[in-house]
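Line order of the protein sequences matches chains A and B.
Per the working numbering, the first sequence starts with residue 44, numbered consecutively.
Per the working numbering, the second sequence starts with residue 44, numbered consecutively.
For the record, the hints were derived by calculation from the structure and aren't laboratory data.
Be aware that one or more of the hints could be misleading.
Just so you know, same-sequence chains aren't split out, so a pair can sit in one copy or run between any two.
As the list claims (entries may be wrong) - Under the rule of at most 30 Å between Cα atoms (straight-line distance), these lysine-lysine pairs were calculated in the DSS-like manner:
1. Lys-47 to Lys-181
2. Lys-181 to Lys-118
3. Lys-98 to Lys-118
4. Lys-52 to Lys-98
Number of protein chains: 2
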Amino acid sequence: MQKKPAIPKGTRDFSPRETVRRKYLIRVIEEKFQRYGYAPIETPSFENRSTLMGKYGEAGDRLIFQILDSGDFLKRADKDAWAQGNSSALAPSIASKVLRYDLTVPFARYVAQHQSEVCFPFKRYQIQAVWRADRPQKGRFREFYQCDADVVGADSLWQEVELVQLYDDVFNALHLPVCIRLNSRKLLAGLAEVAGISDRFAPFTTALDKWDKIGSQKAVAEMRQAGIPQSAIDALAPFFELDTASNQQRLEVLESTLKSVAVGQSGIAELRFILERIQDHGLKIAELDLDLTLARGLDYYTGAIFEVLGKGIALGSLGGGGRYDELTGIFGLSGISGVGISFGLDRVYLALEARGLFPDLAGDKPQLLFVHFGAAEAAYSYRLVAALRDRGVSCELYPEAVKLKKQLAYAHKNQVPYVAVAGSEEVASQAVTLRNMCTGQQETLSRDAFLKRVLLFHTRSEKTD
Amino acid sequence: MQKKPAIPKGTRDFSPRETVRRKYLIRVIEEKFQRYGYAPIETPSFENRSTLMGKYGEAGDRLIFQILDSGDFLKRADKDAWAQGNSSALAPSIASKVLRYDLTVPFARYVAQHQSEVCFPFKRYQIQAVWRADRPQKGRFREFYQCDADVVGADSLWQEVELVQLYDDVFNALHLPVCIRLNSRKLLAGLAEVAGISDRFAPFTTALDKWDKIGSQKAVAEMRQAGIPQSAIDALAPFFELDTASNQQRLEVLESTLKSVAVGQSGIAELRFILERIQDHGLKIAELDLDLTLARGLDYYTGAIFEVLGKGIALGSLGGGGRYDELTGIFGLSGISGVGISFGLDRVYLALEARGLFPDLAGDKPQLLFVHFGAAEAAYSYRLVAALRDRGVSCELYPEAVKLKKQLAYAHKNQVPYVAVAGSEEVASQAVTLRNMCTGQQETLSRDAFLKRVLLFHTRSEKTD
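Just chain A, with the same shape it has in the complex (with noise of 0.2 Å):
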């Protein structure tokens, strides 16, 4: 006898409610992308090891899953580095393929790849598990869903404004009030450069980006421990409390500073255009919030980036993207500036789940339930049942003529809505008792009637899904 199964920490099963609730979720961010004109692409689980190992700074790589060679993997064993006791000056002799961190790197490399087919600007969505081997937490797995958008290959700022309007629609169709959160990386040099310490830009911005996650205070001690001086910092610090004015005003401040700072002139022109956009269209659910401590930790962004919020819910960053230029020189193919957006699946889920925003799905249940009495009535049922499946409707056959008590209770178990009697007498004179199973009413129905009824039922559920 084994001990009690188990999964491995950071992972999860999902039960049918989950399942039919994250396909749900999927469904939706998945439709909005083709309706903006984003294909979808899937790429391998894993990659050679040289594809990501070294993209994501070396914090990055320490969280990557190494797959172990098959076979004799020992046969190609750097054996000093076995002498030495080293892990990971050994790993790359014996693991030469690496599962997916993120969806960028391995889309990056998908473009390059596949430059010859690929028709620029190029938007694609991909919506794809990925793994760290990170520390698991409240909302943090080593097994998670990434849903992407990116395009690359076109400068246009219209780009930006779309994926705005992209957040807003994905998030209007979830019921769930966010705030989109911009900044311009250049509007962020050009500060760096204003208060001299373009030097430090680096560190600048990965203290910068916590600066609402740990406070001001924190992140201004991250900064002076990173070099930065405090009148740099006392310069900067009003810029990053711009709170009570409107965005134009905001960025009204910003000109007047970043007067003779072309990088910064060059950031307030690109978030004038994607807000006046954005204002001549109007957002459904989300608000749109330019915050000067939004610096994105990732380095490769340069222009524009976004994270969003959920309204009232202290999940952390429900998605987030930006500008990038180069992505692709990494794999040789340069040139190429590009713009993207992903959600994360998991908090948004969490967040939905919070605020009760889910809707009742199909899909973990059917709809009706044909109890089981005996071979003649189960043969009569199958019938029905059969026909009901050619015409869209989800229903099952209990298995066997167990006691109705049991049959009963596997419905209310299983939350199916309508329960279906066809006992003798119904064989009899060709009817079925249909039974509500939250009103607890039942009627006996001529087969033709019943039938009717049930697909009448099934058109209005399908009509509100």
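Fit chain B to the known structure of chain A by using the hints.
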């Protein structure tokens, strides 16, 4: 500069066109699974080593991908195994997680682990990737999808009937003519008993399974090698060549042969029930063929077994399944019988492609592209883009005001069916010129007439989808 990027052998990138087709195929299968009352679950991509190892036989174990432990894995490495250069002895000490090899063992683990939440009979489906370190060849990959539907906790033969109909329904929806081969492990056990080779049942069924694939002569040779006497083979061979008779006639032949063999009689009664019920209801596209050479290599099958072949397609099996007992017993939950079927997604895909059976699918291209002439025209066009997206139309604005020729080439290459032209004249008169990219015809319409026209095309294409 890096060399041209590539992906690991046996894996694949899927282009938009391929991904859209795969999604279509999954959607068709999934919709039928749900209609038959099967609910989806998902399990993690990797399981604990002990969950999967030893469940697929020695040959299977060798094909399981192992994940190198993160961090300083050498700390726990088996020094003796290293000293002996024994890779397979070393692996357990440095790789405690392994990639999913099929969906059946994880399902058994799921049921055992969640037995208190699961309501039996439990009908689940699962569509996820699996990984095997197999030698890649045509139609065989190291990463591929399985689509399984199983019901556990019910002995009823109605499940077998339903699963045959489910196969029929899916292939009918795909317009792919198939033959469903049907047999029973009990019949084979009965025949082995009659021939006095019950002690060689496993090698007998393994060789029998190849009767079709490598030909009867080679299969017979393999039986001889496995110690099955020629006299037994001579006695059994006629049953493996019962091609001409109807399914019912074949059962009659067997009936007399197996008269005094309990397990054989039980197999006959079961198949008779299944065949009669299917006869009552009929099949839409599939042919059901009782074939005594069908054995299904997997040891765990105990009752009816199935295999699907495409008619006139030499691709091997498109799916298979059967009745098993005690699958969850390996995880400590005994006395649970189950039956299930599986679809080989990649092979079904190849079959549909070979037969030209994929419909014209949306999703890999927008339905409409607005060309881009400049700021004012783009603003005018984008308003229409947003309005159409709100009404469900997949459309886009070309991101930049490059030469018209280049924009039209983009539409052509992406097979966008309609292009909308809104130049300065159209903007002035609040009109749009709509061009059918297939016929080359174009017409200038008022804004309202344009929207109506596009929505009409859209509704039509939705209907044929």
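Q. Should Lys-52 paired with Lys-98 be assigned to within, between, both, or neither, using CA atoms and 30 Å as the limit?
A. both (26 Å within a copy, 22 Å between copies)
Q: With 30 Å as the alpha-carbon cut-off, assign the pair Lys-181 and Lys-118 to within, between, both or neither.
A: Close across copies (29 Å), not inside one copy (41 Å); limit 30 Å.
Q) Checking Lys-47 and Lys-181: alpha-carbon separation at most 30 Å within a copy, between copies, both or neither? A) Answer is within; shortest intra-copy Cα gap is 24 Å, inter-copy 40 Å.
**Q.** Identical-chain pair category, Lys-98 with Lys-118, by Cα at 30 Å
**A.** both (28 Å within a copy, 27 Å between copies)
Checked against the numbered hints above, the structure breaks none of them.
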